[in-house]
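*Asks:* Below, each chain spelled out in residue letters.
There are 2 protein chains.
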Amino acid sequence: METIVLRARSMCKIPRWVDLHGLIISRLVIGAGPSGLMAAYWMARCGINARIIDKRETKIFVGHADGLRPRTLELFDSMGFQHRVLHEASESTEVNLWGPGDQGKLVRQALLDMTQADHSPYHNTRLSQGRIERFILDSIHENSDLRVERSVVTETLEYEEKLGLDPEAYPITVKLRTLSPEELNTPNSDKQNFETELTHEDLLQDDWDDLGQRGSHKEKVETVKAKYLIGCDGAHSWTRKQLEIPTEGSNTDHIWGVIDVIAISNFRKSKTIPHDQLRLTSTLADIRRVSVVTGTTGTILVIPRERGITRFYVPVQTCEAGTSDRFDRSIITPKMIKSRVQEIIAPYTFEFEVCDWWTVYQIGQRIATQVTRGDRIFLAGDAVHTHSPKMGLGMNMSLQDGFNLGWKVALAAAGTIKPETLKTYELERHPLAKMLIEFDRHWVNLFLDVEPGEKDTKAESMAAMSAKFENFAHGWNVYYPASNIVSKSPEHGDAAIPQNFVPGERIHPFKLRNQADGCPQWTTRLLKSDGRFRILLLAGDVRDSIQKQRIETFTQALGSRSASGSPLLDRYTGIPGRFESPIDIFTIHCSPWKEVEFFDFPEVLRPLSMSTGYAYDKIWCDDACIFDRYCDGTAYEKWGVDRALGTLVVIRPDQYIGWMGNIEDVEEMTRYFDGVLVRKPPVSEIPTVI
Amino acid sequence: METIVLRARSMCKIPRWVDLHGLIISRLVIGAGPSGLMAAYWMARCGINARIIDKRETKIFVGHADGLRPRTLELFDSMGFQHRVLHEASESTEVNLWGPGDQGKLVRQALLDMTQADHSPYHNTRLSQGRIERFILDSIHENSDLRVERSVVTETLEYEEKLGLDPEAYPITVKLRTLSPEELNTPNSDKQNFETELTHEDLLQDDWDDLGQRGSHKEKVETVKAKYLIGCDGAHSWTRKQLEIPTEGSNTDHIWGVIDVIAISNFRKSKTIPHDQLRLTSTLADIRRVSVVTGTTGTILVIPRERGITRFYVPVQTCEAGTSDRFDRSIITPKMIKSRVQEIIAPYTFEFEVCDWWTVYQIGQRIATQVTRGDRIFLAGDAVHTHSPKMGLGMNMSLQDGFNLGWKVALAAAGTIKPETLKTYELERHPLAKMLIEFDRHWVNLFLDVEPGEKDTKAESMAAMSAKFENFAHGWNVYYPASNIVSKSPEHGDAAIPQNFVPGERIHPFKLRNQADGCPQWTTRLLKSDGRFRILLLAGDVRDSIQKQRIETFTQALGSRSASGSPLLDRYTGIPGRFESPIDIFTIHCSPWKEVEFFDFPEVLRPLSMSTGYAYDKIWCDDACIFDRYCDGTAYEKWGVDRALGTLVVIRPDQYIGWMGNIEDVEEMTRYFDGVLVRKPPVSEIPTVI
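Line by line, the protein sequences are chains A and B.
Under the numbering used here, the first residue of the first sequence is numbered 34, with each subsequent residue one higher.
Under the numbering used here, the first residue of the second sequence is numbered 34, with each subsequent residue one higher.
Bound conformation, chain A alone:
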């Protein structure tokens, strides 16, 4: 202990690259939109040698998707950048439904809460996709040397089916080409002008470097071999077409305009309403609240955004259903979209001088029939599902696709989990894509012209639809079915199973007190997305001597070799370069914080490292903190955990519940892990250096 190393600790992990031979690249992500970047996050976090290519010259800066649902923000918290999102984003608490009243004048038909109190630390939020990409890119940068390669297109894709059976083989061959600035600058779409005309003054400072990438690429062609390939290349996915995976569904016959503007409107300017009628009318929407407005000639959706921007979704034209994938974009302009808004919200006014972004689209409700080829090539995000943007769900689904797929590919590539785990991607995410399209079909219909008699019921229909799909839309329920990573039928008897924990679902976030320093933290932040499975030991009230003994027995079982050959924490291959064990343990007890000590818990629950100290972040307490109204000591109660008995829960790397049991059920828990994790080879099998 007399050797003092000054500053030996690394604040930022730089992965050590495995130098593969030549151009062989172990994994490949195509497309650096929301789903691609989420997958890339996991490669960075787990130290995987991957390449991420994108055909765009820069990241997105303005416009595009904006809706963020509570579950997505919970995931961002586990990734470490939720605070940046909330600092910039626009939040909403209510949604207003407007329609023609008795005299045909627009009136509020309903005011719906957009979310329920205390279901999540986060609410419905909007922030430009470009900013979300910024935060994920920064996180990738912090955790690795991975960088998105821009202006790169794919030219050929070959997949050798037989090689796919050998986990060590590289069955995928892709030809990549970096486009020259000349090729990039051929005008192909009016939309592109928004990006090419942007200057530093239009962007936040942390996006400036990305702007500088423009024109910096040199033409180059290369062939790479990969173990895995993830195609996150959007609605017209090149990867999907190469795999000849068809899509089901069709385009609708409605063309919509979207416009992000600084809106100048007296919509809901109630000056004209006599003061004594204020109580009747004053809760109506305005352009800083989410509003669905059905005028006499159509329905628009009003979405307040960050930086004072408001987005309008506006029906501009109908075309013959199913006749073509394309329509004549050139006739639709911001001026035309503006006129349509003016028509619909009349007699209120609508003007703008500043337009941040606009586009026009035809809703295609389509779903890819498959999402993988041999569990080596995967599709995610818009490459799998396209639908209307009006639910604010698209970016969330894509982010969550990438999040679900990313950890599985990263840990399979790392040799940490069994490759068959990759089958759960289709199992878990494809049904949600179907549910998304179903929801969209219902939802979009509510925006279409209705017969006069139906008008009164629109608000009711919307309210009913919102309620029906709420848990799905917010991401609070994902309905992940049984698999090797979701154990639905515990093998134990009448255990003290928490009433409100469901395998395959998230755990409801609460604020807990850290036992060592007393500070409250949301579970979404303390359960970091770092690639590890987590055992949550819900230890109950550890002041009780019987319970204390059970905890002691539990930790002995963890360390015991007798049950299953080797102790649980030393049984499985780690995440190379990151963690020796793919399993982390968190203890959450419910004794009063002041009556228990950090050191009361067995050392395996709070391990010591000479370079990082005791693991003070491992012991948590469900007790109230007078300094924090959200830390109220109700987690056990709301989770339905018995305070006397406690329980044992396994959380997957993406924070969904994988397994539940009694504190005694270490053998059953080990069977769960045996089904997912790769066991370490016996010591004799490890090749020794001669």
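Just so you know, the hints here were simulated from the structure itself, not pulled from any lab data.
Errors might be hidden in some of the hints.
[To be verified] Just a few of them, taken from the derived set where beta-carbon distance is under 10 Å, the chain A residues facing chain B:
id: 1; residue: G113
id: 2; residue: E124
id: 3; residue: L237
id: 4; residue: T343
id: 5; residue: T402
id: 6; residue: G610
id: 7; residue: S644
id: 8; residue: I659
id: 9; residue: D665
[Unchecked claim] Subject to a maximum C-alpha distance of 20 Å in a straight line, what follows is the list of computed EDC-like cross-link-like pairs (lysine to aspartate or glutamate):
id: 10; chain 1: A; residue 1: K561; chain 2: B; residue 2: D146
id: 11; chain 1: A; residue 1: K671; chain 2: B; residue 2: D574
id: 12; chain 1: B; residue 1: K521; chain 2: B; residue 2: E459
id: 13; chain 1: A; residue 1: K627; chain 2: B; residue 2: D146
id: 14; chain 1: B; residue 1: K561; chain 2: A; residue 2: E339
id: 15; chain 1: A; residue 1: K561; chain 2: B; residue 2: E339
id: 16; chain 1: B; residue 1: K561; chain 2: A; residue 2: D146
id: 17; chain 1: A; residue 1: K274; chain 2: A; residue 2: E191
id: 18; chain 1: B; residue 1: K671; chain 2: A; residue 2: D661
id: 19; chain 1: B; residue 1: K501; chain 2: B; residue 2: E459
id: 20; chain 1: A; residue 1: K253; chain 2: A; residue 2: E188
id: 21; chain 1: B; residue 1: K627; chain 2: A; residue 2: D146
id: 22; chain 1: A; residue 1: K627; chain 2: B; residue 2: E127
[To be verified] Every beta carbon over 12 Å from chain A, so not counted as near; a handful from chain B, in silico:
id: 23; residue: P348
id: 24; residue: E453
id: 25; residue: L455
id: 26; residue: E471
id: 27; residue: F472
id: 28; residue: R474
id: 29; residue: F502
id: 30; residue: Q554
id: 31; residue: D603
id: 32; residue: G607
id: 33; residue: S614
We put the beta carbon where it would ideally sit given N, CA and C, even for glycine.
Knowing the structure of chain A, use the given hints to seat chain B on it.
*Replies:* Just chain B now, kept in the frame of chain A:
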């Protein structure tokens, strides 16, 4: 309205530089520590052409100050980066006092709450000074082209007293020299090794560019002329010495070591305590809680830090008081400091392998007798006051010095406020520096060896001292006296003056709902530090027709020329390049949120700009939001504002209360502004271009 400008809005303000002749520089800040950077923030924010020089080669990265008091975090919130601080920092809720018990063994003597619930959104927090500098530097960067010039020393300073009388003159001449890398690398202190040995791996990613500044400077000499100079050059201030300003006070006779380590200790490992005694002993401190530990051979202070670091303040030696400013540093090593800790906390253990930073110091309790020369040259931070670091107050006082001085110098330089306002810097901050030293004298004594008989009363003394100085220490009270920016005696009669608003003090932060979108926000964030004075119109319950009429009358008075020559909002010089008026108006009413409309308020309270839209951020509501437990509609009650009558308050650019009155008192309020702000010249006096 038919001209649509695509993306005309700038997200980031780049100031337009006034090109002054040659080397004449309008303002100068020396020293880019906490107080210098805070002052520089205001230069950046108000578009002032300044230079910031620092003799260090890079910013600070590790060690140094760490304590952040609640008020400092409130200011950070108004500056826009509080979320970054809280994301990284370590917070505390309690402080533990330890001393020898009956058998001479260490026992807990007291457990004190470190702060009260609901007095601030923020608590006692620690984060390395280097990270705070990072956030302020980023904010300066976002708001301007100002950059800190490193490796620059000052060689001569001349001040021409007579020129100081002419506000337009440049009375200050300074010779600057940029040091070459060779000069910088001459070893002058063992402490410097920490900085020079740092690599990318030791730092967070956003500090990497700063590390790259090392060795990049070229020797250069220049002479600059300045209107103002702010000396934030530390305890041994060169500026102070040039001005021949003496300091009062002396060094104490105690030498302390400070060490930031990953501590491995079983301090408070209660395993040895029988379970049935747990309730008696288990609330004791450990090294993740702030603790004052008095062992048999001295008293140490234990401060948990970010990233698992713990800081220890350790008495290592005594020397003869007043005999010299210096002592032999070379004999004190991390190993020696460790031994002292081990002695004091015995029989508990203390070890470490990783040391992040350490230093040794002799407490000097000194205060400069003056803080300005001619209100043109100013001292701030450690240049004015030095004291022990044990209260976690030093960085706070320095930041708040710079914050107080910065807006005054910036707005005087901008021609927005009257130069005599600069006198209030000494008036407001010097008494606080004295109070700081007084507190420190009392506080430090509690850490010194005490006679055996006194031991039992130490905890009591500490508790009493904490309580006595709490409001001062947390920054909740600053006692700013009457001046041209603090009106203590309103000229009106028995007005509905809020019981809990005190001129010269902060307003207690609450969460309010934005009238337009319903989202809650802390007042600390919505009242931005952007250089403007703010009228808070506490409008009361505006559903009442009499009250509604009073608001109408108020806004008419704002726009009226009759009272004082020109309408209030058009009466004063703006902040050039930033704001046309130096006055901003916020309305906070207390009607139920759903029963009032944004557009119910007169347009002057929610002005329209074609490029940014209606000012939706100007109307706020003191009503509860079901989604936010902190937004509970109690601000009026806690502020002591009459819900029927409302009130009128002026908040200075630094968010201290400047003036209070009735909603009718627009003339009195105008007199307040006339005493601070520079009136616009009559139109005929504005020179016309020929």
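*Asks:* Compare the structure with each hint and give your call.
*Replies:* Against the structure, the hints come out as follows:
1. The restraint placing G113/A at the interface with chain B holds, with a minimum CB-CB distance near 8 Å, inside the 10 Å limit.
2. For E124/A, the shortest C-beta to C-beta distance to chain B is roughly 5 Å, which falls under 10 Å, so the interface hint holds.
3. The beta carbon of L237/A comes within 6 Å of a beta carbon in chain B, closer than 10 Å, and the hint placing it at the interface holds.
4. Taken as an interface hint, T343/A checks out: its beta carbon lies about 8 Å from the nearest beta carbon of chain B, inside 10 Å.
5. A least Cβ separation of about 40 Å between T402/A and chain B goes past the 10 Å threshold, and the interface hint is therefore violated.
6. A hinted interface residue such as G610/A counts as satisfied when its beta carbon comes closer than 10 Å to some beta carbon of chain B; here the least separation is about 14 Å, so the hint is violated.
7. Hint on S644/A holds. Least Cβ distance to chain B is approximately 6 Å, under the 10 Å limit.
8. Annotation: I659/A was flagged as interfacial toward chain B, and the flag holds, the nearest CB pair being 5 Å apart, inside 10 Å.
9. For D665/A, the shortest C-beta to C-beta distance to chain B is roughly 9 Å, which falls under 10 Å, so the interface hint holds.
10. Straight-line distance between C-alpha atoms of K561/A and D146/B comes to about 30 Å, which puts the hinted pair past the 20 Å bound.
11. Taken as a hint, the K671/A and D574/B pair is broken in the structure, with Cα atoms around 38 Å apart against an allowance of 20 Å.
12. Distance hint between K521/B and E459/B is fulfilled; the C-alpha atoms sit about 18 Å from each other, no more than 20 Å.
13. About 13 Å separates the Cα atoms of K627/A and D146/B, which keeps this hinted pair within 20 Å; it holds.
14. With a C-alpha separation of about 17 Å, the suggested pair K561/B and E339/A falls inside the 20 Å cut-off, and the hint holds.
15. At most 20 Å may separate the alpha-carbon atoms for a hinted pair to count; K561/A and E339/B meet this at roughly 17 Å.
16. With a CA separation close to 30 Å, the supplied pair K561/B and D146/A exceeds the 20 Å bound.
17. In summary, the hint linking K274/A to E191/A is supported, as the alpha carbons are separated by about 12 Å, within the 20 Å threshold.
18. This hinted pair checks out: K671/B and D661/A have alpha carbons roughly 18 Å apart, not beyond 20 Å.
19. For the suggested pair K501/B and E459/B, the alpha carbons sit about 24 Å apart, so the restraint of at most 20 Å is broken.
20. For the suggested pair K253/A and E188/A, the alpha carbons sit about 12 Å apart, so the restraint of at most 20 Å is met.
21. Taking the CA atoms of K627/B and D146/A, the gap is near 13 Å; set against the 20 Å cutoff, the hint holds.
22. This hinted pair checks out: K627/A and E127/B have alpha carbons roughly 11 Å apart, not beyond 20 Å.
23. Annotated as non-interface, P348/B keeps its C-beta farther than 12 Å from every C-beta of chain A; the closest such distance is 20 Å.
24. Chain A leaves E453/B outside its interface by the beta-carbon criterion, the shortest separation being 37 Å against a cut-off of 12 Å.
25. The claim that L455/B lies off the interface holds: its Cβ sits roughly 31 Å from the closest Cβ of chain A, which is beyond the 12 Å cut-off.
26. The beta carbon of E471/B sits about 28 Å from the closest Cβ of chain A, which is more than 12 Å, so the claim that it is off the interface holds.
27. F472/B, annotated as away from the interface, keeps every beta carbon of chain A farther than 12 Å; the closest lies near 23 Å.
28. A cut-off of 12 Å between C-beta atoms confirms that R474/B is not in contact with chain A; the least separation is 30 Å.
29. The Cβ of F502/B lies farther than 12 Å from every Cβ of chain A, with a closest approach of about 20 Å, so its non-interface assignment holds.
30. Not every C-beta of chain A lies more than 12 Å from that of Q554/B, the closest at about 10 Å, which undercuts listing it as non-interface.
31. Consistency note on D603/B: stated as away from chain A, and its beta-carbon is indeed over 12 Å from all of that chain's, at 23 Å minimum.
32. With a minimum CB-CB distance of about 21 Å to chain A, G607/B clears the 12 Å threshold, and the non-interface call stands.
33. No beta-carbon of chain A is positioned within 12 Å of the beta-carbon of S614/B; the least distance is around 19 Å.
In summary, the numbered hints that this structure violates are 5, 6, 10, 11, 16, 19 and 30.
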